[in-house]
Amino acid sequence: EAQVTQNPRYLITVTGKKLTVTCSQNMNHEYMSWYRQDPGLGLRQIYYSMNVEVTDKGDVPEGYKVSRKEKRNFPLILESPSPNQTSLYFCASSLVGREAFFGQGTRLTVV
Amino acid sequence: GDSVTQMEGPVTLSEEAFLTINCTYTATGYPSLFWYVQYPGEGLQLLLKATKADDKGSNKGFEATYRKETTSFHLEKGSVQVSDSAVYFCALIVSGGYQKVTFGIGTKLQVIP
Numbered sequence: 001e002a003q004v005t006q007n008p009r010y011l012i013t014v015t016g017k018k019l020t021v022t023c024s025q026n027m028n029h030e031y032m033s034w035y036r037q038d039p040g041l042g043l044r045q046i047y048y049s050m051n052v053e054v055t056d057k058g059d060v061p062e063g064y065k066v067s068r069k070e071k072r073n074f075p076l077i078l079e080s081p082s083p084n085q086t087s088l089y090f091c092a093s094s095l096v097g098r099e100a101f102f103g104q105g106t107r108l109t110v111v
Numbered sequence: 112g113d114s115v116t117q118m119e120g121p122v123t124l125s126e127e128a129f130l131t132i133n134c135t136y137t138a139t140g141y142p143s144l145f146w147y148v149q150y151p152g153e154g155l156q157l158l159l160k161a162t163k164a165d166d167k168g169s170n171k172g173f174e175a176t177y178r179k180e181t182t183s184f185h186l187e188k189g190s191v192q193v194s195d196s197a198v199y200f201c202a203l204i205v206s207g208g209y210q211k212v213t214f215g216i217g218t219k220l221q222v223i224p
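Protein chains in written order, with this note's numbering: chain A, 1 to 111; chain B, 112 to 224.
Read the hints as simulated data drawn from the structure, not as lab findings. Incorrect hints may appear among the rest.
Derived PhoX-like pairs (lysine-lysine); straight-line CA-CA distance at most 20 Å [as the list claims (entries may be wrong)]:
{"id": "1", "chain 1": "A", "residue 1": "Lys-57", "chain 2": "B", "residue 2": "Lys-211"}
{"id": "2", "chain 1": "B", "residue 1": "Lys-160", "chain 2": "B", "residue 2": "Lys-211"}
{"id": "3", "chain 1": "B", "residue 1": "Lys-211", "chain 2": "A", "residue 2": "Lys-65"}
{"id": "4", "chain 1": "A", "residue 1": "Lys-71", "chain 2": "B", "residue 2": "Lys-211"}
{"id": "5", "chain 1": "B", "residue 1": "Lys-188", "chain 2": "B", "residue 2": "Lys-171"}
Between the sequences and the hints, there should be enough to build the whole structure, so can you do that?
Here's what the structure looks like:
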């Protein structure tokens with residue numbers, strides 16, 4: 001089954017404790033991206049990747065890191081999480097110019 | 112830059128009512144247009160799409176027509192059901208060296224029996 005898999009689905013952590021949210025897709029898509037969804041703000045892009053070892057900042061990259069060592073994986077790293085990073089996060093993948101497929105989301109709470 | 116405008120809602124309708132969610136866009140090139148749906152507790156799913164002017168996308172009784180002259184892609188359904196309660200996002204992609212999906216803010220639809 002074609003899918004984008006994120007883990008974990010839910011995460012509660014403390015300020016400053018490094019965490020990684022994993023994302024994997026099995027559709028051989030070149031393009032992958034991370035979004036955060038906040039009430040009243042919709043979806044905002046954090047980082048994206050056009051292919052292996054090619055990543056770039058989206059609209060709200062501060063406080064986040066990503067890597068793309070393999071085509072299928074695109075982890076999101078929060079080196080020192082803060083409460084303003086409490087949000088619902090989505091990973092997405094697509095072929096260039098085509099519709100995006102989304103993961104189920106990761107609800108992160110930073111206390 | 113590119114942008115998508117849609118009402119945030121919530122939009123509350125009775126079952127079997129007619130639905131319209133407006134979506135207008137601005138884009139620097141020739142975009143493909145999409146509607147995504149997000150059911151409670153889930154990720155976004157593609158509902159329908161249109162890739163060029165005058166194309167009509169349709170799925171599950173929903174329709175939207177790509178109107179280049181009015182830069183619009185309004186979502187319609189003739190008779191909504193309680194199960195259609197969700198958040199609906201209008202989105203566009205302008206392909207090129209930089210592929211980015213630009214989303215509207217999302218419109219929450221509540222259908223009451």
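Structure-based check of all given hints:
Annotation: proposed proximity of Lys-57 (chain A) to Lys-211 (chain B) holds, straight-line Cα distance about 11 Å (limit 20 Å). Restraint check: the Cα-Cα separation between Lys-160 (chain B) and Lys-211 (chain B) comes to about 16 Å, which is no more than 20 Å; the hinted pair holds. Pair hint Lys-211 (chain B) plus Lys-65 (chain A) holds up; C-alpha atoms about 18 Å apart against a cutoff of 20 Å. As the CA atoms of Lys-71 (chain A) and Lys-211 (chain B) are separated by approximately 18 Å, the hinted pair is consistent with the 20 Å bound.
Between the alpha carbons of Lys-188 (chain B) and Lys-171 (chain B) the distance comes to roughly 9 Å, so the proposed pair stays at or under 20 Å and holds.
Hint violations for this structure: none, all hints satisfied.
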